[in-house]
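J.: Build the complex: two chains, separate frames, hints provided.
What follows is the residue order along each chain.
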Amino acid sequence: MVENRPWLTVFSHFVLILGIGVVALPLWVTVVASTHAGEDLLTSPIPMWFGDNMVDNYRQMLGSGMQHVSGQPLTLMMFNSLVMALSIAIGKIAISLIAAFAICYFQFPLRMTCFWMIFITLMLPVEVRILPTYEVIANVFTPLTKLLNLLGMEGTEIVLPGITIDLDLSMLDSYAGLTLPLIASATATFLFRQFFLTVPDELTEAARIDGAGPLKFFRDILLPLSRTNIAALFVILFIYGWNQYLWPLLVTTDPAYVTIVMGIQSMVNVADIEPQWNLVMTAATLAMLPPVAIVIGMQRLFVKGLVETEK
Amino acid sequence: MAELQISAVEKVYPNGFKAIHGIDLEVADGEFIVLVGPSGCGKSTLLRMIAGLETVTGGTIRIGDRIVNELEPADRDIAMVFQNYALYPHMSVYQNMAYGLRNRGFPKDQIEQRVQKAAGILQLDGLLDRRPRQLSGGQRQRVAMGRAIVREPSAFLFDEPLSNLDAKLRVQMRVEIKQLQRRLGTTSVYVTHDQIEAMTMADRLVVMNAGVAEQIGTPIELYDRPSSVFVGGFIGSPAMNFLAGQVDTDGRHLLLGNGARLALPADGAPAEPNRLVTIGVRPEHLAPAEDGPLRFEVELVEHLGADTLLYGEASAATGGGNGDKGGLVTVRLSGHHALAMGTVLGLTAEPAQLHLFDAATGRRL
Ligand SMILES: Nc1ncnc2c1ncn2[C@@H]1O[C@H](COP(=O)(O)OP(=O)(O)OP(=O)(O)O)[C@@H](O)[C@H]1O
Ligand SMILES: [Mg+2]
Chain A
1 MVENRPWLTV FSHFVLILGI GVVALPLWVT VVASTHAGED LLTSPIPMWF
51 GDNMVDNYRQ MLGSGMQHVS GQPLTLMMFN SLVMALSIAI GKIAISLIAA
101 FAICYFQFPL RMTCFWMIFI TLMLPVEVRI LPTYEVIANV FTPLTKLLNL
151 LGMEGTEIVL PGITIDLDLS MLDSYAGLTL PLIASATATF LFRQFFLTVP
201 DELTEAARID GAGPLKFFRD ILLPLSRTNI AALFVILFIY GWNQYLWPLL
251 VTTDPAYVTI VMGIQSMVNV ADIEPQWNLV MTAATLAMLP PVAIVIGMQR
301 LFVKGLVETE K
Chain B
1 MAELQISAVE KVYPNGFKAI HGIDLEVADG EFIVLVGPSG CGKSTLLRMI
51 AGLETVTGGT IRIGDRIVNE LEPADRDIAM VFQNYALYPH MSVYQNMAYG
101 LRNRGFPKDQ IEQRVQKAAG ILQLDGLLDR RPRQLSGGQR QRVAMGRAIV
151 REPSAFLFDE PLSNLDAKLR VQMRVEIKQL QRRLGTTSVY VTHDQIEAMT
201 MADRLVVMNA GVAEQIGTPI ELYDRPSSVF VGGFIGSPAM NFLAGQVDTD
251 GRHLLLGNGA RLALPADGAP AEPNRLVTIG VRPEHLAPAE DGPLRFEVEL
301 VEHLGADTLL YGEASAATGG GNGDKGGLVT VRLSGHHALA MGTVLGLTAE
351 PAQLHLFDAA TGRRL
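Taken in order, these protein sequences are the chains called A and B.
When we follow this note's numbering, the leftmost residue of the first sequence carries the number 1, and every step to the right adds one.
When we follow this note's numbering, the leftmost residue of the second sequence carries the number 1, and every step to the right adds one.
Rather than coming from a laboratory, the hints here were simulated on the basis of the structure.
Treat the hints with care, as some may be off.
To be verified - Each pair of labels, with its calculated beta carbon distance range:
{"no.": "1", "chain 1": "B", "residue 1": "Gln134", "chain 2": "A", "residue 2": "Asn269", "range": "55 to 61 Å"}
{"no.": "2", "chain 1": "A", "residue 1": "Phe14", "chain 2": "B", "residue 2": "Arg130", "range": "46 to 52 Å"}
{"no.": "3", "chain 1": "A", "residue 1": "Leu215", "chain 2": "B", "residue 2": "Asp24", "range": "37 to 43 Å"}
{"no.": "4", "chain 1": "A", "residue 1": "Ile239", "chain 2": "B", "residue 2": "Arg130", "range": "32 to 38 Å"}
{"no.": "5", "chain 1": "A", "residue 1": "Pro109", "chain 2": "B", "residue 2": "Ala244", "range": "55 to 61 Å"}
{"no.": "6", "chain 1": "B", "residue 1": "Gln179", "chain 2": "A", "residue 2": "Ile239", "range": "56 to 62 Å"}
{"no.": "7", "chain 1": "A", "residue 1": "Tyr105", "chain 2": "B", "residue 2": "Tyr13", "range": "18 to 24 Å"}
{"no.": "8", "chain 1": "A", "residue 1": "Thr113", "chain 2": "B", "residue 2": "Gly233", "range": "46 to 52 Å"}
{"no.": "9", "chain 1": "B", "residue 1": "Glu26", "chain 2": "A", "residue 2": "Thr121", "range": "52 to 58 Å"}
{"no.": "10", "chain 1": "B", "residue 1": "Gln179", "chain 2": "A", "residue 2": "Ile98", "range": "43 to 49 Å"}
As the list claims (entries may be wrong) - From the derived model, a few chain B residues whose C-beta atoms are all more than 12 Å from chain A:
{"no.": "11", "residue": "Asp129"}
{"no.": "12", "residue": "Phe242"}
{"no.": "13", "residue": "Ala263"}
{"no.": "14", "residue": "Ala271"}
{"no.": "15", "residue": "Arg363"}
Keep in mind that this is a model prediction, so the values were computed, not measured.
Built from N, CA and C at the ideal position, the CB exists for glycine as well.
Bound conformation, chain B alone (with noise of 0.2 Å):
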């Protein structure tokens, strides 16, 4: 068990690709931190850096207090869970769980047993005469678990370790991964570009894009306050939406470039003037009003049991402004709702929960 400390670590790629722009993050012993990001961010990349599978090409990664740079992913302590599982294709499942202690030099018993109590954990028991091959997707997961536990490492790391796996056992073994981990209290890295996934699992997030840490937190945290509209946009699902805007010149209210106007919080101060503005409203924090300041006109319904979601335009209520339509909105309505389409609906949104962003930068206001 150790902590993690990764600073200013850079990835230049040999062919001169620069993957990782300087990424600090310490993870506490114990720690589930979860790398999350669209695909081709660099989480594997730095993940991998972390193993030992790449070279470090600038900054510090330390594990526990020894700085790892330079070590072979072997001499690290750590244990790997790979996307495809890379279980040994013609060991049997014993073997595969026993083959990284072999190399080490345990003694035979102590193998036995160590093998045997991961195989319990996981339910493995019956199954340790069986080659990868006989095995289905979910069990050779927990075998690529358990070749991970049995060497009681200081961290482990998960390379989108469930991506393989059909929908239903994507979450049963979610929940079983991070049980697990909270019984071994194994500091875990764990890479995934499903943010359910990510929400779920993580004491901490870690949203990357394009080689950057964009924010670092709990789920919650970025989830109530994304410092980008990146993030906005990645965390919450259905997505969140977006719409132009500037502040008005009183700086407590919104108008929006189809004309509405949206108060702000009344306690916080005031915001700048006439100060050009990206507006972040959650699709669950949209509600249907009377007299709401938008105007919402639904196209599309989906019924997804506990909620509605209604996709459509949304515009000014009051008429006014430039005559723009506001973009596509969705709005999240909890329940059942038989709604048709066409159906006209006001709109409001508390002030609380409007997330303001530099329209230029993309930044928090």
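Only chain A is shown next, with the shape it has when bound in the complex (with noise of 0.2 Å):
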């Protein structure tokens, strides 16, 4: 609809700069605020422009951190945060893609009940099940101990001829502690299979005609059909595990695990000095990098996942 209005327009664009601003000054605060000294920050008012000690807080966070906190760079964090965040976006599709698979495309027995299984863990995020997914991740074998322990087998070992298996295994303290629990998702298995079922049949029997079996037929043709809602969930998830806070805290104890989201609020939360804020706003500043150079990466494909069914 095009209406010509004059004042409308004005109003308009007022309010759309009015929100430009309520997102964007907050940012701009941010990234100015990484370029000043220590003292400049806690005097009134706080600056609005660049300082010049830019070079000296990024060099100091990517390549000492901050001392009295955990005394890890910030590069270490934000490689532990990649590698989770990495983790979570790709193990999430793979799992998803493969469940939606054997949903919509393989007969077998309680092949309904498995999708509405998963369906219902759409209500079970992890900060629900937060206690017994940290039990479970404490002792990968906590169910079939307890499981024994039903059954009236007492202790933590399974004892073989020859072999004694110990059954305690740990994941705290570990990347695949950080990211497992994560992966598991009900909402991508659930985006995948609706949209293998847009898929028409017709394309499916083509390919059994031409010869190709099931994993073929997903290599060849279900993958890259879904190439566009995979690039757009990638964005999704890498940013969801890019921030993940919680569960992080929970399992790891160890300083070499910090994830960046973590840094930032340990260096806030500091108990008798200051909160060095241009340190730490450094530090936002270069959290905010990867995620934004995703979404800026593959902007393209993200939107076309979103709007357009290539079929």
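T.: Structure follows, in structure tokens:
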């Protein structure tokens, strides 16, 4: 609809600019603050233009970190976050694709039951099941030992002739513990299922006649067709993984596994001294970069995946 | 190249619906068979059973000298062309055609050679790098054909391949498919519900009705001697006229419900007197005649150029009878005829052009 009412135009632009201001101002302050020395930020008014400490701040944070907090350089934290976000995004996509493929293209007993079980886990995000999940990660065999106990067996090891299997495997303080519990995804499975349902049956049949077995069909036809969906999901899931806070906080105590979101938090929560805001803002700016890069890099595919169905 | 033999094939869908009630059909090597029938009669079901896309729940299907009931579609040595083409949207035309060969492990140069040859035959040469969505409907249709012919299969299966095209293109593609099939000499089974397509393309036609093959024969056989009211009404356009009637006591004449009396051929054996029959007569076999036994009142005239179609009510020329109107009748006259609505004509039909069907069973007498 095209309307020609000048005041409406002025008003809408005003609202839009206001909106941009509300969103952009904190970002601006963050970036500006990361270029100043610590003292500048403790006096009012806070600076609104770049200072001259940028190189020092960034060099310190990337190189050695904040000494009195964890003492870990930001490079390590960002690397940890990157590993976590990539593992979660790729893992979720891979598992969901395979699960959706099984549910849509194969007949097996309890197929719909499986689907609904996956679907119901939508109601159980990590925050809800955090205690049991923690227990499992603390010892992966917890469910098994619980079951054995129920059956009347005591102890935490299985004794077979010749070998004794110790039922104790902890994933605390490891990348596996950091990512595995977050990888299962009902949302992505559901999304891929909905997409697969729109792929015409004739395409599947043509592939069958062309001699493509299930795996070939998956690789040659379904995967390429899902390309844009995968890209869109990747962006969303990468940011989801990057922003994880509660779970990493619980399962890691070793400073070597600190993620950047945890790191920033601990920089602000210092006990006796003023937080070094310039360095905190440096960390925050750095933490924003990878998600921004992902969004910009995959923007085209991302938008396509959300709006277009290429068939 | 191979013959195709379908014996006592049945299909019961998992939900218990019986779609095919035992069909027998022998297709000779290189023959072009058309399955035709109204929507839902089981044409696609039968074709998909031949392709291996549906399980066969009774009887056997044989391609060449192998029983293929249990074989995967890819192992049956057939190629299928779908109504919506089912081209792989993310592959180029070349890749679409090459995909089946690649999966079969053909060497690269042989694939290249076959695809180029098919592209030449189908005039797709300049389009090999395009994606399906950059093609017109007719070109997509050709790619689908190309995908079938590069395989050099024993049999082509077509499921209404032209129904997404506009009328003109459909005629053109119809001719092209038929010529291509002649040239390659590949046994083909072609499903359509368009009876013009059926008549023009088929070596032999299978008219299907509710899961059974009503009649199998050449287009001319089916046109000349339909075995039932159903086939008579299905083959031919405009459709055959049907009038209720009874054989006269002499066995040489028919008494129509509207009182008209039509002669039967004098040379054949006399029909059983007093038998209740349905009389079929094609619109093109009714001719105007001053003293014809039927009185026809024109209600609608359609000028097709080459022909003129008249629609109207037929009744007995002599009055008489029980005063019934005879029901709607279509008459086809060749050439132009400036007839006003309401014109009354006498109509006659050659005795040899009358088809008699049992009134109860609809079978030909
Ligand atoms: N998967 C199925 N399960 C149950 N019934 C089915 C199934 N597929 C088709 N049918 C039924 O079988 C009958 C024959 O279907 P089919 O698709 O062979 O018809 P058709 O002759 O190809 O019709 P059309 O000209 O509309 O394509 C129909 O009555 C249809 O409802
Ligand atoms: Mg059909």
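J.: All the hints need checking, so say for each whether the structure fits it.
T.: Hint by hint, here is what the structure shows:
For the pair Gln134 of chain B and Asn269 of chain A, the beta carbons lie near 58 Å from each other, so the given range of 55 to 61 Å is met. Taking the beta carbon of each, Phe14 of chain A and Arg130 of chain B are about 48 Å apart, inside 46 to 52 Å as hinted. In this structure the supplied range 37 to 43 Å holds for Leu215 of chain A paired with Asp24 of chain B, their Cβ-Cβ distance being about 39 Å. At roughly 37 Å, the beta carbons of Ile239 of chain A and Arg130 of chain B sit within the given window of 32 to 38 Å.
A hinted range of 55 to 61 Å holds for the C-beta pair Pro109 of chain A and Ala244 of chain B, which are about 57 Å apart. The hint said 56 to 62 Å for the Cβ distance between Gln179 of chain B and Ile239 of chain A, and at roughly 58 Å that hint holds. Checking the proposed 18 to 24 Å range against Tyr105 of chain A and Tyr13 of chain B shows it holds: the Cβ atoms sit about 19 Å from each other. For the hinted restraint 46 to 52 Å between Thr113 of chain A and Gly233 of chain B, the CB-CB distance of approximately 50 Å keeps it satisfied.
Distance hint check: the CB atoms of Glu26 of chain B and Thr121 of chain A are about 56 Å apart, consistent with the given range 52 to 58 Å. Taking the beta carbon of each, Gln179 of chain B and Ile98 of chain A are about 46 Å apart, inside 43 to 49 Å as hinted. Listed as a non-interface residue, Asp129 of chain B keeps its Cβ farther than 12 Å from every Cβ of chain A; the least gap is roughly 17 Å. With a cut of 12 Å on Cβ distances, Phe242 of chain B stays outside the contact zone with chain A, its closest approach being about 38 Å.
With a cut of 12 Å on Cβ distances, Ala263 of chain B stays outside the contact zone with chain A, its closest approach being about 54 Å. Residue placement check: Ala271 of chain B keeps its beta carbon more than 12 Å from all beta carbons of chain A (closest about 50 Å). Non-interface status of Arg363 of chain B relative to chain A is upheld: no Cβ of that chain comes within 12 Å, the nearest being about 37 Å off.
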